[in-house]
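2 protein chains.
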Amino acid sequence: MKLYESPSPNALRVQVFMKEKGVDCERVAVDLRAGENISEAFLAKNPGGRVPVLELDDGTYISETVAISRYLEALHPQPNLFGDDALSMAKVEMWHRRVEINFLLNVAMAFRNITGFFKDRETCVPEWGEVAAGHALAAVPMFESQLGEQEYLAGDNFSIADITLAVGWGFAKQVKVVPLPQCPNIERWLAQVQARPSFQAD
Amino acid sequence: MKLYESPSPNALRVQVFMKEKGVDCERVAVDLRAGENISEAFLAKNPGGRVPVLELDDGTYISETVAISRYLEALHPQPNLFGDDALSMAKVEMWHRRVEINFLLNVAMAFRNITGFFKDRETCVPEWGEVAAGHALAAVPMFESQLGEQEYLAGDNFSIADITLAVGWGFAKQVKVVPLPQCPNIERWLAQVQARPSFQAD
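Chains as they are written, first to last, in my numbering: chain A, 74 to 275; chain B, 74 to 275.
Treat each hint with caution, since some may be false.
Heads up, the list lumps identical chains together, so a pair's fine if it works in one copy or across two of them.
Computed cross-link-like contacts, EDC-like style, restricted to lysine to aspartate or glutamate with a CA-CA straight-line distance of at most 20 Å [said to hold, decoys possible]:
1) K192 x E99
2) K192 x E203
3) K75 x E217
4) K246 x E203
5) K246 x D97
6) K75 x E99
7) K92 x E260
8) K94 x E260
9) K75 x D131
10) K75 x D157
11) K118 x E222
12) K94 x D229
13) K94 x E217
14) K92 x E109
15) K118 x E217
16) K94 x E200
17) K246 x E260
Worth flagging that the hints you see were computed from the coordinates, not collected in a lab. Quantities reported herein were computed from a predicted structural model and do not represent experimental measurements.
Please put together the full structure from these sequences, using the hints given.
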């Protein structure tokens, strides 16, 4: 197995997921700033032009962070990170989507449209970036409330939803386009999650 | 079980999924135009304020189209719609996310920002709607190419990725904000998918 990646929230999500599973593989750096991800050679691996991409030993390519994670979960079911019965699987999926679609995607749109980080290759609309930042903020009380009642986002067990929110929250803090409010429950949970061995740098 | 829904692409995705599984339940109409989904009573069911929401017999609520679908898949594994081994599960997840994130979400943003359908409750940025329409269009060749080589989007078997692309494609045709090109492979596949009993109106 070989993982094509570049420094990004999605690469970090896969790195943490792999450490939780205790698996590792060869890493290949992809230079996003130089546009390596939209080169012909890379588009043959992933026509979507995105990292990370996992190459299997038979030459099959799996792209999309969560598809890679599900592949690893199927091969290494423990520790379980997607739920292990109908209801827990549904709860993980529900909370993970709330994090991804309502928060992380909006933070990413705010970042790209406000800062123009990829303006050499996409049309940026700063006004939309501000709207997206507002949508990301609007999702925060849902997580703050849930983490006041539950140890982890989807309930009693640590899951991929926690990985994505912790990485997304860190990214939002770093790029500073979303004015995150004080959230004592999220901060309690974040300290706990970030203390896990899987969140330590190599 | 009880399903809260309103006429929308996501409601249709769940309806088709349930018909594929041969399951049904009580339906409760939610009036989006009147803002019933953002009423206090509904937000207690789903703090995200979105439909569909599945209420279980014990009063548990599951929101998010794909979380509802995964719950039903776990209870009724056949016919399998999410893949049944590590690689097929990863491929379904990968193609499903390409459809959802690269195509359907962009069609929805184009629709909402260009037409101002929900302008009574959200800020619309028409310029972003045009950019999102362009992003949706840019994803189409990936599906057209795949469906020239495979019977279904994720390979040999019909999956939730096909449901989402068929519903999303129909929605894009209906709302006319994305100028869809001629795509013979997608049209071949669409005719086949839309002929399934699960796609017939009640």
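Okay, which hints does this one fail, numbers in order? Violated hints: 1, 3, 5, 7, 8, 10, 13, 14 and 16; rest satisfied.
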